[in-house]
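A.B. asks: Protein sequences, first through last, are from chains A and B.
If you read the first sequence in the numbering used here, its first letter stands for residue 10, the second for the next number, and so on.
If you read the second sequence in the numbering used here, its first letter stands for residue 19, the second for the next number, and so on.
Each hint should be verified, as a subset may be incorrect.
[As the list claims (entries may be wrong)] Simulated DEER-style distance windows between Cβ atoms: (1) B:69 x A:18: 29 to 35 Å; (2) A:18 x B:105: 22 to 28 Å; (3) A:152 x B:114: 47 to 53 Å; (4) B:69 x A:12: 39 to 45 Å; (5) A:152 x B:100: 46 to 52 Å; (6) A:19 x B:51: 24 to 30 Å; (7) A:152 x B:94: 40 to 46 Å.
[Claimed, not checked] A few chain B residues that face chain A, going by a derived Cβ cut-off under 10 Å, partial list only: (8) 40; (9) 43; (10) 44; (11) 48; (12) 51; (13) 55; (14) 87; (15) 94; (16) 98; (17) 125.
[What the hints assert, rightly or not] Listing some non-contacts, in silico: residues in chain A with all C-beta distances to chain B over 10 Å: (18) 14; (19) 30; (20) 33; (21) 40; (22) 56; (23) 61; (24) 62; (25) 93; (26) 97; (27) 114; (28) 144.
I should point out that these hints are in silico values taken from the structure, not numbers from a laboratory.
All C-beta atoms, glycine included, are put in the ideal place defined by N, C-alpha and C.
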Amino acid sequence: MNRSLVILLGALVLCAALLGGSYAVSRRVCQNCMSKSASDLDWLQQEFHLSGAEMVNIQKLHEGYLPKCAEMCAKIAAKKLELETAMNGSTNVSPAAQQKLAELAALRAQCQAQMLQHFTEVGQTMPPEQGRRYLAEMQRLTLGLHEQTESSMSGSAGHEHHQH
Amino acid sequence: MNKENINPDPGFAGSSTEACNARLSALLHTSRATPALPPRFPEGVWRRIEEADAPVKTTGGIAWLDALAALVLRPRLALATVAVLMITGTLFGARDGSQAAHQNAQARYLAAVAPNSLH
């Protein structure tokens, strides 16, 4: 009995190792091969099955958008720094800090509007069906992330109340 | 085959040799002490022989385990199992790897066009 049991257990371990090993190697190789071309727009072409001409147009839009996006990011980072300075050392939210918060929110709204405008332009270069899908997907991924963060934060705030 | 007479006395032959052998045999028998066998010794010997010849009796649980182990050790089946496992692992790995690469590409695009959305 012991011999049979050892044989079966050994066979099971060997099977698991073979399955796991071949899975891990294949996954790694496949992931490496597909990630070799490190262009930002690879996902668009794969996901929305775009032609070369469409990709050229999108590439132009993308390159035109990136400096604007970087500029907006720099403005937001500077405003956050100003807000931190205004909040530094104070135990309550001063009118100056409130002002900085409002300015930061306005900048973020401006950034989002600019981003949505870019998504709309990119969507218009695609075939109509793919364009609609792209716009919906980008809204879900960008605006939806904020909703997720807000809901998770409200959930954690409630949890904290319970802890206190 | 000729029997050579090893008796040093050449005149001493024939019936007297047979008589000597019989006496020698009787003498040897009396000199070897034969211990008495335990009671029912032959029956015990036969019983042991029967037990050794009989197939090993196994219980139900052990029997299927042995059968399964024997099945696992068949070279053709083992080879087929190895091939199936490797193909399955490779296919699932390739599928998950391409999904992971696709997600990485999506994250890269998002990081480029909407860096503030990720924070």
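A.B. asks: Now tell me, hint by hint, if it's right for this structure.
C.D. replies: To see whether the hints hold, each was checked on the structure:
no.	hint	in the structure
1	B:69 x A:18: 29 to 35 Å	holds (32 Å)
2	A:18 x B:105: 22 to 28 Å	holds (24 Å)
3	A:152 x B:114: 47 to 53 Å	violated (29 Å)
4	B:69 x A:12: 39 to 45 Å	violated (22 Å)
5	A:152 x B:100: 46 to 52 Å	holds (50 Å)
6	A:19 x B:51: 24 to 30 Å	violated (56 Å)
7	A:152 x B:94: 40 to 46 Å	violated (59 Å)
8	40	violated (59 Å)
9	43	violated (54 Å)
10	44	violated (57 Å)
11	48	violated (54 Å)
12	51	violated (47 Å)
13	55	violated (38 Å)
14	87	holds (4 Å)
15	94	violated (15 Å)
16	98	violated (12 Å)
17	125	holds (8 Å)
18	14	violated (6 Å)
19	30	violated (7 Å)
20	33	violated (7 Å)
21	40	violated (4 Å)
22	56	violated (7 Å)
23	61	holds (18 Å)
24	62	holds (19 Å)
25	93	holds (15 Å)
26	97	holds (21 Å)
27	114	holds (12 Å)
28	144	holds (13 Å)
Of the numbered hints stated above, those contradicted by the structure are hints 3, 4, 6, 7, 8, 9, 10, 11, 12, 13, 15, 16, 18, 19, 20, 21 and 22, listed in ascending order.
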